[in-house]
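Residue numbers (numbering that gives the first Met the number 0), protein chains in the order written: chain A, 0 to 419; chain B, 0 to 419.
None of these hints come from the bench; they were simulated from the model.
For clarity, every value in this text was computed on a predicted model and none was experimentally measured.
Identical copies go unnamed one by one, so any copy, or any two together, can satisfy a pair.
Derived lysine to any residue pairs resembling SDA-like cross-links, with alpha carbons at most 25 Å apart:
hint, residue 1, residue 2
1, K232, H259
2, K158, A263
3, K319, T2
4, K319, Q22
5, K319, T24
6, K158, P260
7, K158, G282
8, K158, E283
9, K3, S137
10, K345, Y376
11, K3, G312
12, K319, G205
13, K3, E316
14, K110, R27
15, K345, G384
16, K232, P260
17, K3, N320
18, K319, D28
19, K319, S23
Number of protein chains: 2
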Amino acid sequence: MTTKHIGLFGLGCVGYGLYQLLQSTASRDLSIRRIVVSDRRKPRLVPSELLSFQPGDILENPDIDIVVEAIDDAEAAWQIVRTALLRGKPVITANKKMVAQHLGELIALQKQTGVPVLYEAAVCGAIPIVRTIDQYFSHEPIQQLSGIFNGTSNYILSKIFNDRLEYPLALRQAQQLGFAETDPTADVGGFDPKYKLIILALHAHGIVLSPADVFNSGIDRLTAADIRYARDKGWKIRLSPELIRTEEGVAAFVLPRFVHPSEALFGIENERNAVSVNTAFSGEQFFAGKGAGAFPTATAVLADLRAIAAGLGYSYERFKNPANILPDDRVLIDIYLRYKDFNQVKHLGFERISEGLIEGEFQYVTGTVTLSRLKKYAHILQNEGATIVGTGKVVISNGQPGTRIPKSHEKETCSTLSQN
Amino acid sequence: MTTKHIGLFGLGCVGYGLYQLLQSTASRDLSIRRIVVSDRRKPRLVPSELLSFQPGDILENPDIDIVVEAIDDAEAAWQIVRTALLRGKPVITANKKMVAQHLGELIALQKQTGVPVLYEAAVCGAIPIVRTIDQYFSHEPIQQLSGIFNGTSNYILSKIFNDRLEYPLALRQAQQLGFAETDPTADVGGFDPKYKLIILALHAHGIVLSPADVFNSGIDRLTAADIRYARDKGWKIRLSPELIRTEEGVAAFVLPRFVHPSEALFGIENERNAVSVNTAFSGEQFFAGKGAGAFPTATAVLADLRAIAAGLGYSYERFKNPANILPDDRVLIDIYLRYKDFNQVKHLGFERISEGLIEGEFQYVTGTVTLSRLKKYAHILQNEGATIVGTGKVVISNGQPGTRIPKSHEKETCSTLSQN
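For reference, chain A alone in the conformation it holds in the complex (with noise of 0.2 Å):
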């Protein structure tokens, strides 16, 4: 048995649960052999002898086998990945949004160098997504993904549905508890579960999508009266990236939506994930476990740092034949309006409209609108105090005006609140 010599970069949540998961696990052939890490002052749990502030000190040294890259910053962590690459050394790390905003290059870097990157902990914490979609479902058409993916906003969820809290103190709880950042926007905002769909989506459909072209809200902008809207229905609100294909193409999009009391995302509360993949021959997948913290996040990096060990680099399968990306005016999605001014309702453009209530200050209306549509109005709208939100059901037009494509080409990611 040869040991692994490991370069870390950052000693941060991640990186100090890698550090402390070796230690407790006694894996005698991984050995963290340099620690990099920036803030100087900052006083860490680990042996002095280990930590160096030069990032050559690792991507340099000879005696270095594998790096593992546990930083916040995207660009700074998208040099390290780069030239450790470079250098021929294999990288692992957790960081969703270089990793989402580099996927071309990532790939194009691995097929010029021959050296791999995992990145199992950056989707989606301990569960095993991405690795499942690459290599066990690499063959198996996937119709439809969807689930939660961002731990700091289902805990903020939880907190005004089963705790009866509203947004701005869910909030402060969840930044006391260290789930949430003091400027909270990647994640309730919806940007990190989008760079983590932007990942599966090259695993599952083999395409590359660039994050500014997929449309995202986030929570953000729900206000007490939506919270009732629910409530009253019997139904929680989930921030649900969704991930949609037919025969023509992939619709990707994030969007907060009702979810109804028999859909399995219901239960899932707190800063717990969860994936759902509904496949051509094998039908649903669901996958729930720990999204976020320390050990569930370096357990994912640990089964990576053994798949390096083993050789192993994913497949890309999908990569060689990718799908099409359907324009946005063909992805009709039902929503939820809840308007401040009629004119809100007239940008949106709606296709069908199928109801609305006016009752003093609360007014909303249901309906069918475009993602372009969403695309181009839905922040103007929401900073204008209205709210969006998805009630579960996506279908793909055929692209002639008034006409829909045959029932069985319907994706629907909630039947049950459909038909209500």
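Based on the hints, put chain B in the right spot on chain A.
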């Protein structure tokens, strides 16, 4: 790209499912070269040039790279697997009974020949649980593992609880739909989930359990009175294999148990399977998906074919350092016993009785019994008309009579129930 040639034994549900799956996924790198079947009179929906009745046409054929074993008979399957490995051909099998009965020999043969056997399809169909425990959680202590491993009995329980069918009618319906065999004992008696539990115990704890030593009780003795008892409390019953680990060792058994609406297993209906894994560092991981059926099982076989083609086998990491097996008299299980005669209560030698009721014909007690007493008397009592259902709590005693290990070592499979 070189094409791997497959020799397939058996063209039943799994074998024909694999044939169709390879056709529909246009997997040109994997090709079925030969199919050996036993029944000469049965019409077959594959090109007849593929068919043979001679095992040697696969086992002695130098053109066959990989053997897929998909026949029913466990002993015949074992002979095929054994011969194939000795001939240097990797094997994929879906036969849980064969794998569980020959676990020790399978490991020894793989070591001796250096040729891998994979059996993801033998455990919970399309759920990638064997490889996840073997590889992903290979170094993480697994404190508890349970779930729904048998689609047939879960289908019957769903019909009983949701459609209010009585057991015999629900069984007949499952048989008519092809979910249950004419002799349903393997499924409804808890043997099939026991084989799967034994396979997972090897990968989770490095231990080789003998089917004869692991206690199993099924759902075939449940009466209308037991169902009413569960339903009145808002519970359901699930057939639940349990693998519990403390610092001192492992306990394993299969017993139906009550489940509470707050538990994830409550929502797993019909032929779906689920696995719940509690790990020391990552917390609870939950997997659910189709556990039976041609395509879900064939999907698992196909994933194993790709793993073999990539040169992968199981790590059997924990087999290097196996756990102890706890003595049965240290495993304390909380049960519900519906009895006919108070002597039946005495036989089980309850350590503690929590509650009891006598209401005409319907008499029951709940309390704590040892696994050794259950092993000795459960089947005798159930043959006399009693029913035993777990209430969800299992405690490992420290071996001193009358004392319990500290609270922190208690493993509760269902803390909500046990507090009721």
